[in-house]
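2 protein chains.
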Amino acid sequence: MPAYADLAAHFARAAALANSIGILQWDSDTMMPKGAAETRAESLALLRVLHHGMVCDPKVGDLIAGAEAESGLGDWERANIREIRRLWTVQTALPADLVEASSRAVSRCEMAWRKARAEADFPALLPLLAEVLSLQRQIGIVKGEKLGLSPYDALLNDYEPGGRSARIDALFDDLAAFLPGFTQEVLEAQARRPAPLPLQGPFPVAAQRALGLEMMQVVGFDFERGRLDVSTHPFCGGADNDVRITTRYDEADFARALMGVMHETGHALYEQGRPQAMVHQPVGQARSMSVHESQSLLMEMQACRSREFLAFAAPRMRAAFGGAGPAWEADNLYKLYTRVERGFIRVDADEVTYPAHVILRYRLEKALIGDEMPLAELPAAWNAGMRDLLGITPPDDRVGCLQDIHWPSGGWGYFPTYTLGAMTAAQLFDAARRAVPEIPGAIARGDFAPLLAWLRENVHSQGSLLETDDLLTRATGRPLDASVFKAHLLRRYGSEATAH
Amino acid sequence: MPAYADLAAHFARAAALANSIGILQWDSDTMMPKGAAETRAESLALLRVLHHGMVCDPKVGDLIAGAEAESGLGDWERANIREIRRLWTVQTALPADLVEASSRAVSRCEMAWRKARAEADFPALLPLLAEVLSLQRQIGIVKGEKLGLSPYDALLNDYEPGGRSARIDALFDDLAAFLPGFTQEVLEAQARRPAPLPLQGPFPVAAQRALGLEMMQVVGFDFERGRLDVSTHPFCGGADNDVRITTRYDEADFARALMGVMHETGHALYEQGRPQAMVHQPVGQARSMSVHESQSLLMEMQACRSREFLAFAAPRMRAAFGGAGPAWEADNLYKLYTRVERGFIRVDADEVTYPAHVILRYRLEKALIGDEMPLAELPAAWNAGMRDLLGITPPDDRVGCLQDIHWPSGGWGYFPTYTLGAMTAAQLFDAARRAVPEIPGAIARGDFAPLLAWLRENVHSQGSLLETDDLLTRATGRPLDASVFKAHLLRRYGSEATAH
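Residue numbers (our numbering), protein chains in the order written: chain E, 3 to 502; chain A, 3 to 502.
These are calculated hints, taken from the structure and not from any lab test.
Some hints could be false.
Pairs count within a copy or across copies, as identical chains cannot be separated in the list.
Said to hold, decoys possible - Once the Cα atoms are required to be at most 20 Å apart in a straight line, the calculated EDC-like pairs of lysine to aspartate or glutamate come out as:
id, residue 1, residue 2
1, Lys337, Asp352
2, Lys61, Asp333
3, Lys36, Asp252
4, Lys337, Glu379
5, Lys488, Asp398
6, Lys36, Asp231
7, Lys36, Glu226
8, Lys36, Asp224
9, Lys488, Glu469
10, Lys36, Glu498
11, Lys488, Asp31
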């Protein structure tokens, strides 16, 4: 068998294993009875070891070299070899004992974090988090040496191939200079106008689920290749051609689940739209975490919190919950779902204040990985950052530096992708509307086909064929910058915006 | 590492893989969206190949020999080595090309069977079924040579370790001599008495599910280590400490789902009661298919179709569906749920006529594997057997020899375990009541603890420590015979029985 064909067959087998892991992970979060946790952990650990063994199989290096020397391959095959080399380089860089030590430290730290967060006790977490940080730093150093990157950039690179902190610094400094003043303006303008009318619950779970399914159908989710279920922490997971999103319901507030469903559906449409011919290959995967987050935020923030979508959705919401009166008018719903508030918790933040939460975390994790700040100073630095960026001070570490699982679970270098995704979403949606002017009007009729067609062509079907900058340049005419995102915030929330 | 410890660690890893397969298989039958079928098939095929590779790993033979020579091991460890050798002998016996050819033939034949059954067209299935049969025969020959067994006994041995057709012939001939006359008697006696009153539906699915869950709780299902879901064909599956049963609901008839749930719960209690210390080892598995079926039939037929259980359940059924009047009295329910009827379909058969369906299939599959009958004669032989054993003739092959998936899917040698299970259930339940006389009275109060304690001690916690005959002798005082089962049928259905 020629090297490329052999290599592709090998990675299709690895995908069959990754798909097994994806479904078992989904099951752990949605269906698994508690008492099965230990048995399941053993299954997942074994499958991950087997998958790692496949990617790092000694024959893979030779096959990559052989495939790279092969003539007559097309663009997709060349890009696939590039992505396989990328994977293989990173995964073979790490010694097994470092991977294992990190995995053990993370297990211990996650457990301690649940308790420490509940008790707002950072000192109790400190030694365990220090261990995770030190191992993440070592991982960053080892990978960075192989890739010619700083330790932080080497970690970032796992989530955002090609992403570099020098570039993110510039983008985030731009936003950080703009946001505090802008937030103040938005809040003042908001205070001058009448507050939106609250919706009266309770909103039964069955009706919320039915409405969520209806709206997933509206935006184009393919139920032949996916599902909607419930989990404590909403996510989009599953496997190739089997894309499973989750939500959680609050009977006092249906919008939280509904907007969450639209968010995860944005991720899911990306997964369902990956190129079928390469769906089991590395080049057929989503491009990066920032592009992934751009798809969820484009759907939730750009499309589904728009006046157009809410005009379409308002009568359907009324029908779902028997709502009536001025609180259920589209205009009031729009005010409710674009309300801005300063808060301590990232996952509850609105579109305007969210980037402040991310910029704070990005700056702190970069300093910690770079050994520029002692971990013991994290709570103080966190609170100072909150004051600078958002003008509020957390009363304790539970709603401060202990709120997220990312650091205890070893996810260092991930945070910036949220806000890169928000900026990417704005830039893509803007380009889509320029290219296909009927998009907003169609959304107002519940017709997402023109938007989805543009996303399918420009993002989803591209998989990992292009590097992120090239993907964005091809789709929008230029690489990522902050201007379109800022323009979007000004248009929707600025003092000139109507209804605010 | 000493050989036994190494061997046990190796088989714990194999169990982690088998548990992954179990959950993915469950998911395929309950949760998976249709469009994921191909991706899932690839995942399952790969995991099965990896599992087979682990069991047949070249080092296993040496480890078994090393462990067998080790001193100081206990009974469980010795039995575990015996079970591992059993597995390894069978799985290494088959050449890979025979396994693959059989798996391909089965895939083709299953597809053709769905169409052929719908169209009652046996000739269309014949060539594909002939291929499956021929490959099963070859598998039986290869395994049989290694084990010193006839081809049929070698196939049977996979489901029923130690099971032999000579013994089954004697047991089944005994039953076959008894059943046709007995069935006639039962039907005549039944006809002389007033028919039971029918229950008036519809019975909403949500209420059926709630009642099923309530009754699972009553008999002792552990929801911390299991679930109840819906599938087209009910089954008990999942993984170690994660036992998942399924049912399907018919709004016109709740008893079908409820009795099905009790049946699968019987399987599940066995799985949940396997010895924890050996739960991931071969010796910790269920003893055989006949013992497994004995646990489901003991729960469904012996316990839950009894007067005692129905006296307890009747008010709960009334409460679940708002039932009232004489049709909902325990005595009428008992008549309904012990009704005997001659029918063409095995899965719809009652306790009295079920063995006839099984004996027919057993005799036919033994003749076919033994090459004593041309496959083309199957429909005629089937219909002749139905006349002899049940006194009825199928109008076409759809409700005749095409009704079951077992043969098209390569499950030859499985059928006899159903009726061996029914006989074993009767013998175990009889021994349990002799040992613990309060069992029936406790069941009448909805207290299954005494019965479950006896089953836990005598069956579930024994795993595969003993051979089937030894397990039954230890629990009941003697190996399996047909007498207790016949006595049970006479007592419940005979002309002397009250209410019949």
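These are the hints, each one checked on the structure:
In this assembly of identical chains, Lys337 and Asp352 lie within 20 Å of each other by CA distance solely inside one copy; the values are 12 Å within and 64 Å between copies. For a Cα distance limit of 20 Å, the shortest separation of Lys61 from Asp333 qualifies neither inside one copy, at 61 Å, nor across copies, at 71 Å. Within a single copy, Lys36 and Asp252 get their C-alpha atoms no closer than 23 Å, and across copies no closer than 30 Å, so neither meets the 20 Å cut-off. Taking the shortest alpha-carbon separations for Lys337 and Glu379, neither the intra-copy value of 39 Å nor the inter-copy value of 76 Å comes in at or below 20 Å.
Taking identical chains as interchangeable, the C-alpha atoms of Lys488 and Asp398 are never at most 20 Å apart, the minima being 31 Å within one chain and 73 Å between chains. For the identical chains of this complex, Lys36 and Asp231 are neighbours both inside a copy (17 Å) and across copies (16 Å), given an alpha-carbon limit of 20 Å. For the homomeric pair Lys36 and Glu226, the shortest alpha-carbon distance between copies (6 Å) is at most 20 Å, but the shortest distance inside one copy (29 Å) is not. Taking CA atoms no more than 20 Å apart as the test, Lys36 paired with Asp224 passes between copies only; the shortest distance there is 11 Å, against 31 Å inside one copy.
For a Cα distance limit of 20 Å, the shortest separation of Lys488 from Glu469 qualifies neither inside one copy, at 24 Å, nor across copies, at 74 Å. For the homomeric pair Lys36 and Glu498, neither the shortest alpha-carbon distance inside one copy (52 Å) nor that between copies (49 Å) is at most 20 Å. For the identical chains of this complex, Lys488 and Asp31 are neighbours neither inside a copy (36 Å) nor across copies (48 Å), given an alpha-carbon limit of 20 Å.
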